[in-house]
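Visitor: Those protein sequences? They're chains A and B, same order as listed. Under the working numbering, the residues of the first sequence are numbered 20 to 431, in order. Under the working numbering, the residues of the second sequence are numbered 801 to 1048, in order.
In case anyone wonders, no lab produced these hints; they're calculated from the structure. C-beta atoms are modelled at their ideal positions from N, C-alpha and C, and glycine is treated no differently. Treat the hints with caution; some may be incorrect.
[Stated by the list, open to error] Covered stretches of chain A (chain B as the covering partner; in silico rule of three or more C-beta atoms under 8 Å from a C-beta of chain B):
1) 35 to 49
2) 52 to 62
3) 205 to 215
4) 370 to 378
5) 406 to 412
6) 417 to 428
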Amino acid sequence: MSDLLSRPTPHAPAGGWLAKYEPVVGSGTLRALEALARRLKGHRIVMVNTTKTGGGVAEILHRVVVILNELGVPTTWEVMEGDDRFFGVTKRMHNALHGHVEPLTEADKDVFRERTRMEADRLELDGDLIFIHDPQPAGLIEHRRVPGQKWMWRCHIDLSRRDENYWEFLRPLVAQYDTAIFSHIGFVPPLDMPTYLVPPSIDPFAEKNREMGEEEVESVLEGLGLERGHWVTQISRFDRIKDPLGVIEAYRLIRKRRNATRLLLAGGGASDDPEGAEVLAEVRASANGLAGVTILELPPGSDREINALQRASTVVLQKSLREGFALTVSEALWKRRAVVASAVGGIPLQILHERTGLLVHSIEGTALQSIRLLDNAELRRELGSEGREHVRDNFLHTREVRDYMAAFVALL
Amino acid sequence: MSTPFSFVTVAHLEAPAGLSATSFDTLREGIERAPDDSIFQHVTRNIARHPHARDLAGNDFSRWVRAALQAPEAAERLALAGSDPSRPIPEVRAELAAAIERVPARDRRREAAEDATFYFVRAVSVLVPLGSQARTPADVVELWPQLDASSVFYHLIEALHRGDTGASLAAWLRAEGAKGMARAVEEEVAEGRPLERLRRDLGGRWRRSQIGRRVAEKAGAPESERRRDATATIARLAERLREEGEAR
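Bound conformation, chain A alone:
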């Protein structure tokens, strides 16, 4: 792989990201970020993950690296490479740490160790603050730690249902770090080093979240063959834990009482995932004969469509049975949408019940609260407005950057 590919160079807009953020978060917040950055003067951060495109981590790193550099904290980004065997093992590791049963053989461990050793020789880990993202590059610390360096491990995945075989393999590596960071307290395994909670965040300027005028929303809807209406929408991949069948059951109850309501289930994950295709087929079968239901299978990169669909929705649902952090909730709140969501995973951090949205625990609750919102434009407006402020205060990239800098300052 070329040097350019292995060392991503995120691009900043003219005037810089910080200048774009100023009207959103205020100049005081930016000055506070600059003050934290001054405390890191003379230090250099190296971020490491395993991909520069695709996935939430790469998306966040593209922004965070630029913002840190704009703040005057020299930050580079190294990408650990691997072959199919290595990524086969780490894919199983990822699934196992999420709670799926996966075998872990001695050969798997050897593949992981061998690739880690090779990459440790290649990667430029020459900063004094090394920031490793997720389990795949976690073993680099064994080979490359030098005196004076501080190493931080950022786990973006939910370890609450982890496969202990995999965790026992990983834990001795993680234990060598100075600090660990998790997205949510429910995800944290027992660890002896200082551990912090840093929720993920959204980019208000990303295609999925940027401001979008009514005309553009209309145009996207037209392109998708949809008309304006009282849409109740869930945008999530077709996965059982997102409970799309529960959404359809809730919609049946809504429709009996408010028959002008329409349901939109949109998401990806069906074309390249056999289980996703199976779930999509079940969803279609369940919705068969039910009036007012639209099911959209969105291809990867449908960010503009997602933006428009959320903005066109009267109520946005996230009726998951289990969740990681569910940033889709913050994305909807940022667009001032009224959200009804299950009280699982990171959702209650984003939805403060009756303040920034409505939390539910059942299909009936989902129907009831959706009807409340469909009937009450004032309540929708109030929740949407408070929701946007809540995201502004807690779930934008500037807050995540602040937390990372603070964690490094706390280490020095």
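Start from chain A and add chain B according to the hints.
Guide: Frame of chain A; chain B shown alone:
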């Protein structure tokens, strides 16, 4: 000669406190055993975690009891117990525990669902100097709108809890002879409003309290200077009204 007031900001890192609750009994035990910086995180820091909220939804304990244990009466008592962020942590802790003691026996048996466990978190404060100083109380009024919310929170509330009296704005104002401004801080903080509203209300009181002094100072100034100042004042007022309109 007086000492200038140096502004800092604070980043609050959240860390697991190692305690959890699934019922009223385990919540009370947790409240009794949790370190001060955990009670601070869940109650006192509430106004800083939702600075732009129109009004506050109660502290974390109150919200959890309402949502997970479905006990609105206890939730109300817990919310009130933590509504004044200037109260010392031991007092808040005792009042929270007392609020739980009052829960009727029939409700004490309630258990939260497995995925609704309450985890205690503590706040780790990372302080950094902002590099700006006030030499007089009038400087504070000028700098006030430019500070970030965390800085406002630290100087009004957190410094007192940490015993960092040198960073307490009320203490400095009093030492500078601005007793009215210091009293305004204490009164406004005790109201327990969301931080941005507290900042706005306090800034308004301070500015109004300085009108008399400014008028006296400007009485002898040339007409052109007074006109210029009047124009700037009206522009600031218009800007403030615009911001308040947007906030509403």
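Visitor: It remains to establish, for every hint, whether it holds in the given structure.
Guide: Here's how the hints hold up against the structure:
no. : hint       : verdict
1   : 35 to 49   : holds (count 4)
2   : 52 to 62   : holds (count 4)
3   : 205 to 215 : holds (count 5)
4   : 370 to 378 : holds (count 5)
5   : 406 to 412 : holds (count 4)
6   : 417 to 428 : holds (count 6)
In summary, this structure violates none of the numbered hints.
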